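**Q** Sequence:
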Amino acid sequence: MELDSSSMNTDSDQTPNRPSKLNLEVKDASSDNAELSSTPTMASSASHQHQSLLQQQLSPSMTGPRPAPSYSVMNVNIEKKEDGPGSRCGHTLTSVAPVGEEGTPGYIGPRLILFGGATALEGNSATSPVSSAGSAGIRLAGATADVHCYDVITNKWSRLTPFGEPPSPRAAHVATAVGTMVVIQGGIGPAGLSPKDLHVLDLTQQRPRWHRVVVQGPGPGPRYGHVMALVGQRFLLAIGGNDGKRPLADVWALDTAAKPYEWRKLEPEGEGPPPCMYATASARSDGLLLLCGGRDASSVPLANAYGLAKHRDGRWEWAIAPGVSPSPRYQHAAVFVNARLHVSGGALGGGRMVEDLSSIAVLDTAAGVWCDTKSVVTSPRTGRFSDDVAGGDASVELTRRCRHAAAAVGDLIFIYGGLRGGKLK
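Sequential numbering from 144 applies to the sequence shown in this note's numbering.
Fair warning: there could be bad hints in the mix.
Here are the computed lysine to any residue pairs in the SDA-like style, where the Cα-Cα straight-line distance is at most 25 Å [claimed, not checked]:
(1) K568 <-> G229
(2) K339 <-> G387
(3) K408 <-> R455
(4) K388 <-> A446
(5) K568 <-> G492
(6) K224 <-> L264
(7) K408 <-> P333
(8) K566 <-> A392
(9) K339 <-> A446
(10) K566 <-> G492
Treat the hints as calculated values from the structure; they're not laboratory data.
Predicted model only: the values in this text are computed from it and were never measured.
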């Protein structure tokens, strides 16, 4: 099974019918679309090999940073109730690259693939390993292995029925796109921790197909609440999470360009995150990964963001991102659009969620500051800015949730599902 395919051919029904809700953010028209190809590219310069990665990659810009944008609800079309994912949490939402040239025969536009998650809640229980925020916990018996596809062009949900043996039902797993494939690992379901296997949903054919990829090495093993991202369009990195005993801080890498596939444990230089779970990991197009937030071994929510990147000489290095997040958080969502990491929602523990304007935060990696919907809130260089930007209340209400999922397509950020006030969204 190849992990570097970049084409697919599938039919899409463009007949709009029943509306469903999806949260959406419209970004600046001037920003470039993020590249989603699987061509290997790494961005560290040889002349900068011995500099701090965040000094060279998170350097301040000359222009002032912009505040975080606003979100709104959009109506999405579904034909049958089962075509839409419905309310759920602990799922993944993965952006899959378009295929072909727009306007040519066989072109298929960008899509979002939603997998798994929990569709039922139970009372908060200390025995539930995924229960932590709000008055309700995930009922593991309600975990699913459903696959739903959102067509960005036709604004329509559909339920996929792939060939092959699917992964077991699960929540709190990870999913990452490699070209037109979605790689899934870990999670927890009705039978406990999901197996260590690496599953791939291959979208290169008319009908998707599940594959189980053979990978050598011990690898990350069974765990949940961890993170995974494709770095430099080549390296799958799996970090942290919980193995059923404790939070972890280990880093595993799989080189998708080298065969046989093999997990390799990394020992990055620099100061990395503490053992934690429910963080987010997002890869910038130039090969920089940012791990944001999480919950430590004492159940304390974390605020720092950490950058991880690979030097040309093969060394990996952690560095703390500049600035201070508007709020610590875990079970949030985060995606990159160009140089801005967009963070939404999250939990604080004890039934509390991130509140007020802090629910929406942006780490502007070009300026080295965190922003919320009103202003730039932190800067290690010049202190607090005050841009007096209006609005944001509706966006705050939409994004005050946890255990949701987010994905970016070009200049758009999509948010789906989650948990708020003890209710599934």
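**Q** If a hint holds in the structure, say so; if it doesn't, say that too.
**A** We went through each hint and held it up to the structure:
1. K568 <-> G229: Satisfied, since the Cα-Cα distance of roughly 8 Å is no more than 25 Å.
2. K339 <-> G387: holds (13 Å)
3. K408 <-> R455: holds (18 Å)
4. K388 <-> A446: holds (23 Å)
5. K568 <-> G492: holds (19 Å)
6. K224 <-> L264: holds (20 Å)
7. K408 <-> P333: Not OK: K408 and P333 at ~29 Å, beyond 25 Å, violated.
8. K566 <-> A392: With a Cα-Cα distance of about 31 Å, the restraint between K566 and A392 is violated, given a limit of 25 Å.
9. K339 <-> A446: Measuring from Cα to Cα gives roughly 29 Å; hence the hint is violated.
10. K566 <-> G492: holds (16 Å)
In this structure, the earlier hints numbered 7, 8 and 9 are contradicted, and the remaining ones agree with it.
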